[in-house]
Amino acid sequence: MTTTTEPSTGTTMSLSRALNTGLRAALADDPAVLVMGEDVGTLGGVFRVTDGLAAEFGSDRVMDTPLGEAGIVGTAVGMALRGLRPVCEIQFDGFVFPAFNQITTQLAHLSSRTRGAAHLPLVIRIPFGGGIGAAEHHGESPEAYFTHTPGLRVVACSTPADAHTMIRQAVACPDPVVFFEPKQLYWERGPVDTDLGSAPAMDRAVVVREGSDATLLAYGPTVRTCLDAAEADEERSLEVIDLRSLNPLDTATVAASVARTGGCVVVHEAPVFGGYGAEVAARVTEHCFDALRTPVRRVGGFCAPYPPSRLEHHYLPDLDRVLDAVDRTW
Amino acid sequence: MSGAEGQPLRLLDAEGVYRDHPDLRADFDEAQIRGLYRDMAMVRRLDTECLALARQGELAVWTPLSGQEAAQVGSARSLLPGDMAFPTYRDHGVAWCRGVPPAALLAHFRGVAHSGWDPREYRLHPYSVVVGGHALHAVGYAMGAAAQGTADAAIAYLGDGAMSQGEVNEAFVWAAARRAPVVFVCQNNQWAISEPVERQSAVPLAERARGFGFPGVRVDGNDVLACRAVVRDALARARSGHGPTLVEAVTYRMGPHTSSDDPRRYRTAEEERVWLRRDPLARLRTHLSRTDTDPEKFLASVDEDCDALARELRHACRTLPDPRPGEIWEHVYAQTHPLVAEERGWYADYLDSFEETP
Ligand SMILES: Cc1ncc(C[n+]2csc(CCOP(=O)(O)OP(=O)(O)O)c2C)c(N)n1
Chain U
0 MTTTTEPSTG
10 TTMSLSRALN
20 TGLRAALADD
30 PAVLVMGEDV
40 GTLGGVFRVT
50 DGLAAEFGSD
60 RVMDTPLGEA
70 GIVGTAVGMA
80 LRGLRPVCEI
90 QFDGFVFPAF
100 NQITTQLAHL
110 SSRTRGAAHL
120 PLVIRIPFGG
130 GIGAAEHHGE
140 SPEAYFTHTP
150 GLRVVACSTP
160 ADAHTMIRQA
170 VACPDPVVFF
180 EPKQLYWERG
190 PVDTDLGSAP
200 AMDRAVVVRE
210 GSDATLLAYG
220 PTVRTCLDAA
230 EADEERSLEV
240 IDLRSLNPLD
250 TATVAASVAR
260 TGGCVVVHEA
270 PVFGGYGAEV
280 AARVTEHCFD
290 ALRTPVRRVG
300 GFCAPYPPSR
310 LEHHYLPDLD
320 RVLDAVDRTW
Chain H
0 MSGAEGQPLR
10 LLDAEGVYRD
20 HPDLRADFDE
30 AQIRGLYRDM
40 AMVRRLDTEC
50 LALARQGELA
60 VWTPLSGQEA
70 AQVGSARSLL
80 PGDMAFPTYR
90 DHGVAWCRGV
100 PPAALLAHFR
110 GVAHSGWDPR
120 EYRLHPYSVV
130 VGGHALHAVG
140 YAMGAAAQGT
150 ADAAIAYLGD
160 GAMSQGEVNE
170 AFVWAAARRA
180 PVVFVCQNNQ
190 WAISEPVERQ
200 SAVPLAERAR
210 GFGFPGVRVD
220 GNDVLACRAV
230 VRDALARARS
240 GHGPTLVEAV
250 TYRMGPHTSS
260 DDPRRYRTAE
270 EERVWLRRDP
280 LARLRTHLSR
290 TDTDPEKFLA
300 SVDEDCDALA
310 RELRHACRTL
320 PDPRPGEIWE
330 HVYAQTHPLV
340 AEERGWYADY
350 LDSFEETP
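Residue numbers (numbering that gives the first Met the number 0), protein chains in the order written: chain U, 0 to 329; chain H, 0 to 357.
Some chain U residues well away from chain H (every beta-carbon gap over 10 Å; in silico):
1) Ser-13
2) Gly-77
3) Ala-116
4) Pro-141
5) Thr-148
6) Asp-174
7) Gly-189
8) Arg-203
9) Asp-212
10) Leu-226
11) His-286
12) Thr-293
Partial list, computed: chain U residues near chain H (C-beta under 8 Å):
13) Asp-38
14) Pro-65
15) Arg-309
16) His-313
Rather than coming from a laboratory, the hints here were simulated on the basis of the structure.
Don't be surprised by glycine CBs; every beta carbon is placed ideally from N, CA and C.
Based on the provided sequences and hints, a complete structural model is requested.
Pasting the structure below:
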């Protein structure tokens, strides 16, 4: 049904496939790892991220769960307490909230509460973001709820290469990791190197395009938007940084860039007000106040619930809105 | 009323043969039976058309109900005008019975609005996309209706998968503790996307009700007469202050989960064939052909109505106006909100700036 051949260095595959490959490696490497969620087994996930894994590792290690997100995360916490390393799938961004209590009051606190006695190497995978013409609750960007919660590491991948290495790093991480996957990019293809040795650490930001006039900060789906904007801008040289890790934030990489360019725009799909970009803007201001020509500009979703799909192109930050913000860094 | 376990309550068997049941009050006259058949045929046609529209890209997605017409029509036709229904994304038959115009129904699936109707006008809440998110609302609504001294009831529609959600179980606790005038209709269509109902429950779903402290009834969800009789009685019970009932309508989702799902990945063609023989529509048609005074004429008129509906749907779909960008900010708050006003104004100017450039 599915191929199980390990890709060699530099194999090209989709982001969904790269996650699949990473999860397969994690399951093969460590018998404590298991995958759990709605429709992750027989179906292989609605985005096919777990395709073929149940057939290979069995339905106890790739588990179709009852339909309840609090249950998925709550039982995963218990399994972790017993020494397993669960990778939970939340089917869509908008459906993480039944698990919100488990994630924020239980999972995030247990290490502190037990003074480090409880280990919670849990990964919660969440497809996020819009742009796929989907129904209500299928296009949201809830990352700020989690970046605001101490005790959680929060990351977002944007390329097949990162998807593969970051999911493996997340599974290996001793802390709980909320792992955001840009659903708009699941079928984007790119090279994947299965050798983890050369990969940057999970909590490092990466300069994905060098430039000298302004810095664009992005993660997940907006990395592509920013690269497109930088490409389209013929007059200015724009640096693009893929933050990758939202909590912790790689302030050093960001600050070094902004100190050089003197302009900064942070771009995400989530609403701007109270969004993750506000934290980034504040930190950049603290570190680069003297270098900045103007305040850090933020581009993102509006003060409104994610709209019906025929309006999403207005809601989502696009190339033009990014360049409009770049204009306002002078 | 009995029947939380074992054979579901039934009046019409799979061959369309009618048998009285001691627990069911079935006094439907010809006009009522015709009405139920017509409703089911119309929503079946609505479903087929909308799935086709989704496949043609006219709708962003569609959630087919085929196979579940009896459960939806039988239950929703038992509601009184003052009752309130809380549906899932698959309950187009309920929307039909509440009188929601087809174009309004399509708005959600074409992506022009999150919900296309005024819930107060049709006494139908917006479709619940977050599985189980609406169950507590039905309970609270029912508590409100009781507090106001009315005899209105609420009905909450749930799938078999939804029965696993914590909030749904809280809804059962609350409904029981407050004796709320609410009926929970669980359409056990055997599947929650790719997961069979056995993944959700070790016992028949209706049995759970007893533990919460109210009756659970298993009814043949492909028998519209039994569904009608059972839900009518459950609503009457709720109205008279005796509290909630859980009705498990045992049925089958004959089509895909949504227009983007492929059921061959998780279930067998043999299983689908078995359930095809239990088609709720065919069953009532057989019964009707044997008992109606002029079945041919009646069925022909239904066919005509279905064709007209199909034409209306296609037209309505293609002529649904696209929303204006400004609608993003409409109704986010009831009162003016400075950030909403600021963003809305900014975005209008921003769009204008493109038009000025030649
Ligand atoms: C809280 C939540 N989690 C997950 C989903 C994704 N999802 C949509 S429908 C569905 C299955 C629902 O099954 P069931 O309740 O049996 O209803 P059916 O679709 O069969 O009518 C799932 C998992 C969702 N919509 N909401």
